[in-house]
Each structure stands twice: as C-alpha cells, then as structure tokens.
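Asker: Whenever a hint applies, use it, and build me the whole structure from the sequences.
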Amino acid sequence: MHTPARRHVCIVFLAALLALRGADAAAQMLPSEPLTFGTGWLTLGADVSATASCASVEGNTSRCTTDTGFFNYTDYQHSALRMLIAGLTTEVKAGERVSVLAEIRSENGGVPNPYALYVRVRPWPTRGFDIQAGRVPPTFGAFARRYYPYDNLLIGYPLAYQYLTSIRPDALPANADELLRMRGRGWLSNFSVGNPNADNGLPLVHAFRWDTGIQVHAGNPRTEATVAVTTGTLANPLVGDDNGGRQIAGRVVFRPIAGLITGASAARGPFVTTDALRVGGVEGNASDYTQTAWGADAEYSRGYYLVRFEAIVSDWRLPLLNTPAIDMPLRAVSTSIEGRYKIRPGLYMAARSDHLTFSQVTGALRHDGWDAPVTRLELGGGYSLQRNVMLKAAYQHNTRQTARAAAADAAALQLVYWF
Amino acid sequence: MRAVPAAAVILIAVAATSASSASASRSTVVAVGSIRGRVEARRPPAAAATRRPTVAALGAPTEAARIDRTRSVVYLESAPRGAFEQVDPGRAVMDQRNETFVPHVLAVTAGTIVDFPNSDRIYHNVFSLSKGARFDLGRYEAGHSKSVRFDRPGVVRVFCEIHSHMNAFILVFGHPFFAMTDADGRYRIDNVPPGTYNVVAWNEGDSSDPRQVTVPDGGATEIDFTVR
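Protein sequence lines correspond, in order, to chains A and B.
Numbering-wise, the numbering used here comes out as the position in the first sequence, counting from 1, plus 17.
Numbering-wise, the numbering used here comes out as the position in the second sequence, counting from 1, plus 306.
Derived by calculation from the structure, the hints in this document are not laboratory data.
A virtual CB, placed ideally from N, CA and C, is assigned to each residue, including glycine.
Be aware that one or more of the hints could be misleading.
What the hints assert, rightly or not - From chain B, some residues computed to sit far from chain A (all C-beta separations above 12 Å):
1. 346
2. 348
3. 365
4. 366
5. 447
6. 455
7. 490
8. 514
9. 534
Stated by the list, open to error - Among the chain B residues that face chain A by a calculated CB cut under 10 Å, a handful are:
10. 361
11. 364
12. 427
13. 428
14. 442
15. 444
16. 519
Stated by the list, open to error - Label-pair ranges, simulated between beta-carbon atoms:
17. 421/B x 77/A: 56 to 62 Å
18. 488/B x 58/A: 28 to 34 Å
19. 401/B x 364/A: 25 to 31 Å
20. 239/A x 529/B: 51 to 57 Å
21. 273/A x 349/B: 37 to 43 Å
22. 532/B x 81/A: 54 to 60 Å
23. 528/B x 126/A: 56 to 62 Å
24. 453/B x 146/A: 37 to 43 Å
25. 150/A x 395/B: 54 to 60 Å
26. 274/A x 451/B: 55 to 61 Å
27. 125/A x 401/B: 28 to 34 Å
28. 492/B x 364/A: 19 to 25 Å
29. 52/A x 367/B: 17 to 23 Å
30. 273/A x 492/B: 45 to 51 Å
Answerer: This is how it looks when you write it as structure tokens:
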C-alpha cells in the first residue's frame with residue numbers, strides 16, 4: 018500500500034510543480050471560458066482535479082499512508098483525498114423556456130457516470146420560476162451544490178456530506194448490540210438482516226450522487242423556495258426506486274442584506290429497502306421507516322472575508338426487530354463552520370471545523386452513541402495560477418471516539434482546472 | 307491575424323523608432339496628422355455573457371445584460387519619440403451593472419485610475435490576475451466604489467469572483483496614440499506626428515497583423531482592419 022501511495026503523491030506533486038512552472042503557457046493553450054456552439058444553444062464546461070495526500074493514522078506506523086482510518090472515504094474504494102476527477106457539464110437550450118442539463122463525471126479514470134441529467138422548464142422566461150425533472154441537483158442544504166473542487170474552499174468535505182456512518186438502507190441491525198458493534202466502521206458495515214454482504218454505510222447527505230424526481234423552484238433576489246419529490250433519500254439518492262416511497266424535500270433562502278444568505282431545509286422519505294423489510298419479516302410498509310432531516314445554514318461575506326455555517330439533524334427510523342431494541346429515532350447531528358480570508362490577489366487561506374455526533378442507544382452491556390462521534394479540523398488555502406487553474410493545499414486532523422484508528426492527520430494537495 | 311492570449315502583455319512601450327519619426331521630431335514646426343478608418347470585428351454584435359452550464363443550480367440564472375463585443379481598439383505599435391512624456395493619466399470608470407462590466411472594453415494611458423462602482427443590488431468582487439495588474443478589490447455592495455491605478459502597459463483581464471460570467475478588458479498604453487471604435491466600428495487617432503508607424507487593431511483578445519502607415523505632415527491617413 019505504501020509504495021503506490023507514495024508514487025501517487027509524487028505524481029501529483031510533480032504535476033503541481035510543472036503546473037507552477039508552465040502555468041502561463043499551459044493555461045493559454047487550454048480553454049478559459051465555456052465553449053459555446055451555434056448561437057449559444059449548446060454550452061460545454063469542464064473541470065479536472067487531481068488530489069494527492071499523505072496520511073498518518075493512529076495505530077499505523079507509516080507516516081505517509083492512505084487514510085486507513087477511512088475518515089475521507091466516499092465509499093469503500095474512493096478517498097476524497099486521493100482522487101482524480103474529470104467532469105463535463107453541458108446545457109442544451111431549446112428556446113428560452115426549455116433546456117437540458119447534464120453532468121458526466123469520471124473518478125480515477127473509471128467509466129464516466131451521469132451525475133445529473135434533467136430538463137429545466139421556465140414557463141415564464143421573465144419570472145424566477147423553474148421546473149426541473151430528471152436527476153436533479155440536491156434541494157437540501159447548502160454544501161451539496163458547491164462540492165465541486167473549484168467551489169470548495171478546502172480539499173476535504175464537511176462530515177455531514179461525506180463521512181460514512183454505519184447505517185445502510187439494505188441491511189438492518191437486528192438489535193442495539195449489533196448496531197453498536199459497527200460504531201466507527203461505516204466504511205465497511207454489515208448487519209444480519211437484509212443484504213448479508215459488507216458494504217459501505219452512508220453519510221447524512223450524499224453529495225456525490227443526485228436524486229431523481231421533479232423539483233420546483235421560485236425566487237426573486239431576496240427570497241427563494243424550492244420543493245422536490247424524488248425517488249431516494251438524502252443519504253441514499255437513487256435513480257430507480259427500492260421501496261415504493263417518495264422523498265419530499267424543501268428549502269427556503271432569505272437574503273436580508275447584501276452579503277448575508279440564510280437558508281433552511283427539510284426532507285423526509287422512506288429509507289429502508291423493501292427487500293430488507295421482507296427479509297426481516299417486518300409488517301407495515303416502507304413509509305414507516307424513514308430518514309427525516311432538518312438543516313439550517315448561513316453565509317456572510319464582506320471585503321476579503323467569507324464565513325459559512327451549516328447544521329444538519331438527521332433522524333432515521335428503522336424497524337425494531339429484536340431485543341435489546343434500538344432506541345428510535347437514530348439521530349445524527351452535524352455542525353460545520355468554515356471561513357476564508359484572501360491574503361492577496363489569487364491567494365487565500367481557509368479553515369473548517371466539523372463535528373458529528375450520534376444519539377445514544379442501549380445494548381445489553383453498554384450505553385453509547387450508535388456511531389462514533391467525529392471531529393475534523395482542516396486548515397489550508399489556495400493559490401490561483403490563472404483564473405481557472407488553482408493549486409490548493411490543506412492539512413486535516415480527524416478524531417473519532419473509537420478504539421481503532423481514533424485519530425488521523427492528512428496533508429493534501431489538489432490541482433484544479435475548469436472552464 | 308494573430309491571436310493574443312488574454313493574460314499576455316502585448317503592448318510594449320517602444321521609444322522613438324523610425325528614422326522618419328525621429329527626423330520629424332527634430333523639426334521646429336510640425337503639423338500633426340491623424341489616422342482613421344474602420345474596424346470590422348467579425349463577431350455577433352451583442353451577446354449575453356457565456357455562463358458555465360448551471361447544472362447545480364436550483365433554477366435558471368437571471369439573464370445578464372448583453373455585451374457589445376464589436377468595440378475595438380486601434381493603436382500604434384511603436385510610438386514617436388517623446389510620446390511617453392505626453393501621457394496625461396486621468397480617471398476612468400468601469401461600472402458593474404446587471405452582472406456586466408460597463409464598458410466591456412476600456413483603453414487608458416498608464417497611470418490612469420479606474421473606478422469600479424457597484425451599481426447592482428448584489429455583491430461583486432472585481433479582480434484580475436493579469437501580470438500587468440494583479441488586484442482583488444474584495445466584496446462590496448451597491449453604492450460603493452473601489453479604484454485601481456494601472457501603471458504598467460498591457461492587457462488586463464478583469465473578472466468578478468462571484469459571477470464567473472462577468473469579464474472585461476482594460477488596455478493600458480504607455481503612449482496616447484490609441485482610439486476606441488464607435489458603434490459603427492470607426493476610429494480616429496489624432497495628434498500623430500508625421501512619420502511611419504505600425505498600426506494594430508485589437509478586438510476581444512485578438513489582434514490584426516500590424517500594418518504600416520505613413521502619416522503626412524498635417525494630413526490624415528485612412529486604414530481599415532478586419533479582426534476575426
């Protein structure tokens with residue numbers, strides 16, 4: 018593991034060095050603005066980011082390894098701190114009322130996947146009213162729509178949107194002890210009811226997969242409101258349905274003064290798959306076992322400062338199968354605050370502090386949070402080689418209240434290009 | 307025709323060059339002339355700024371104001387001896403209105419202070435990473451203005467950090483022999499001492515090949531350009 022890890026780090030550092038040296042020449046060869054065709058009916062944008070990191074994990078003697086504590090994994094295979102992402106976004110306009118938008122992304126050279134594919138209809142072109150249908154952007158929260166490397170102030174992501182809890186929609190803990198055994202093991206969780214295979218758990222809100230459904234948005238410069246009905250849930254966005262239920266999500270945004278944006282979100286939808294309920298012999302229907310979430314966020318900026326805050330509370334209701342019974346709902350609370358200060362043109366420093374806690378459950382021998390609380394502090398900054406070429410560096414410190422891999426530090430470097 | 311990278315500094319301050327201009331400057335009484343003509347910029351007359359596809363947005367963005375991309379700048383590539391002493395820097399304004407920089411192209415002499423008022427109800431954040439002028443004015447609201455003094459000749463690309471579709475050009479010259487075209491593409495550079503010069507037309511980052519013109523004593527020379 019160590020040799021490829023170091024090679025990976027070296028390649029990105031070398032690329033960054035080359036980028037620094039030849040940034041002018043290279044950037045001038047590449048597009049700096051979106052490409053338009055015809056009379057503007059087709060617009061293309063793209064972004065590429067390469068991220069390398071070196072982690073030091075408690076209990077692991079290596080000083081530069083992969084994130085063996087799985088603090089930054091987005092699923093069992095992919096670490097957000099070691100990732101090559103290439104994305105292509107397109108907008109096809111069919112008149113002033115209708116457009117089709119799509120985003121295709123490839124991670125680590127894998128097969129490109131459609132992250133977004135939807136039609137946007139604006140019935141009254143001069144009014145701020147839109148209907149979007151298909152695989153639509155997340156309605157809930159603030160960060161999910163700015164997870165792109167060029168929008169993200171740092172390299173890592175807020176815990177609520179990335180950290181894998183142990184909970185799964187297709188596998189259910191039979192009792193509280195089984196759930197407690199999976200504390201801090203969201204990267205590879207397994208339970209006895211439902212899908213017997215180990216798989217990654219889910220974050221509170223999935224930022225890397227978008228849900229499918231219909232979304233209605235109305236707004237003016239001061240206020241916005243959005244409502245969506247989709248197939249999956251915040252933690253588990255889907256293309257195809259797995260439980261016959263629909264999630265309803267809503268968000269309102271208010272801009273009372275210049276520079277201040279406040280938002281509130283809520284969502285509720287059936288979480289557990291029909292298959293898992295059937296295997297567990299659960300009576301009733303999927304709509305009884307839900308993920309319900311509330312969120313509040315605020316952003317204030319002025320001059321060279323930018324500060325953002327976001328809090329999310331998520332409740333899951335799972336069927337009670339055996340004793341000791343799980344105390345429902347299973348609650349997770351996330352708070353995140355981040356800030357940026359521009360030191361000089363093209364150069365900024367940023368920091369984010371994140372905390373994720375879980376409600377208590379009582380097993381046969383212990384009373385504890387159903388997953389292990391996690392804290393993350395990330396410090397870093399970015400330097401723009403060109404307007405659309407940025408080099409970011411960050412240092413991240415993670416702690417988790419578990420016996421194994423209770424702490425991990427990571428240094429990361431990211432090169433981002435977009436047009 | 308040659309493409310000029312946006313961030314590159316293309317306007318090199320060149321002191322007295324041709325023999326004709328040198329001899330002209332030695333004359334005791336010189337009647338200045340002018341260069342005039344028309345620039346045809348083969349671009350759509352006006353278009354809204356191109357945005358990246360707004361895939362992650364919950365709705366379509368408001369349409370930004372249209373930008374007139376046909377305005378060109380015509381300038382002398384080399385300037386007569388003493389031209390750099392004639393520079394009279396003043397003050398200019400580049401407004402931020404309807405998520406657009408107005409004007410989209412500004413031509414000034416080195417030393418000019420450009421004001422960037424915000425006339426929108428939302429924040430803007432003017433910045434440039436061009437070699438000639440690297441600055442970031444931070445975020446400020448409607449009714450406020452910040453300014454930058456442009457000392458180094460070159461092309462300065464100006465952007466808004468919040469609205470990535472907002473962009474503009476500021477061309478900074480080390481001499482006063484340049485002119486912006488009007489709505490019909492016509493230009494006129496006055497007070498040019500007699501001599502032979504290379505003249506270039508610039509439009510949206512593209513330049514014409516330099517064309518040599520001779521300005522007669524007290525007369526006018528006409529030359530037209532076509533830029534992509």
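Asker: Evaluate each hint against the coordinates.
Answerer: Quick rundown of the hints versus the structure:
{"no.": "1", "hint": "346", "in the structure": "holds (20 Å)"}
{"no.": "2", "hint": "348", "in the structure": "holds (15 Å)"}
{"no.": "3", "hint": "365", "in the structure": "violated (4 Å)"}
{"no.": "4", "hint": "366", "in the structure": "violated (5 Å)"}
{"no.": "5", "hint": "447", "in the structure": "violated (4 Å)"}
{"no.": "6", "hint": "455", "in the structure": "holds (15 Å)"}
{"no.": "7", "hint": "490", "in the structure": "holds (23 Å)"}
{"no.": "8", "hint": "514", "in the structure": "holds (19 Å)"}
{"no.": "9", "hint": "534", "in the structure": "holds (16 Å)"}
{"no.": "10", "hint": "361", "in the structure": "holds (5 Å)"}
{"no.": "11", "hint": "364", "in the structure": "holds (4 Å)"}
{"no.": "12", "hint": "427", "in the structure": "holds (6 Å)"}
{"no.": "13", "hint": "428", "in the structure": "holds (7 Å)"}
{"no.": "14", "hint": "442", "in the structure": "holds (4 Å)"}
{"no.": "15", "hint": "444", "in the structure": "holds (4 Å)"}
{"no.": "16", "hint": "519", "in the structure": "violated (30 Å)"}
{"no.": "17", "hint": "421/B x 77/A: 56 to 62 Å", "in the structure": "holds (57 Å)"}
{"no.": "18", "hint": "488/B x 58/A: 28 to 34 Å", "in the structure": "holds (31 Å)"}
{"no.": "19", "hint": "401/B x 364/A: 25 to 31 Å", "in the structure": "holds (27 Å)"}
{"no.": "20", "hint": "239/A x 529/B: 51 to 57 Å", "in the structure": "holds (52 Å)"}
{"no.": "21", "hint": "273/A x 349/B: 37 to 43 Å", "in the structure": "holds (41 Å)"}
{"no.": "22", "hint": "532/B x 81/A: 54 to 60 Å", "in the structure": "holds (58 Å)"}
{"no.": "23", "hint": "528/B x 126/A: 56 to 62 Å", "in the structure": "holds (58 Å)"}
{"no.": "24", "hint": "453/B x 146/A: 37 to 43 Å", "in the structure": "holds (39 Å)"}
{"no.": "25", "hint": "150/A x 395/B: 54 to 60 Å", "in the structure": "holds (56 Å)"}
{"no.": "26", "hint": "274/A x 451/B: 55 to 61 Å", "in the structure": "violated (19 Å)"}
{"no.": "27", "hint": "125/A x 401/B: 28 to 34 Å", "in the structure": "violated (46 Å)"}
{"no.": "28", "hint": "492/B x 364/A: 19 to 25 Å", "in the structure": "violated (43 Å)"}
{"no.": "29", "hint": "52/A x 367/B: 17 to 23 Å", "in the structure": "holds (18 Å)"}
{"no.": "30", "hint": "273/A x 492/B: 45 to 51 Å", "in the structure": "holds (48 Å)"}
Hints 3, 4, 5, 16, 26, 27 and 28 from the list above are not met by this structure, while the remaining hints are.
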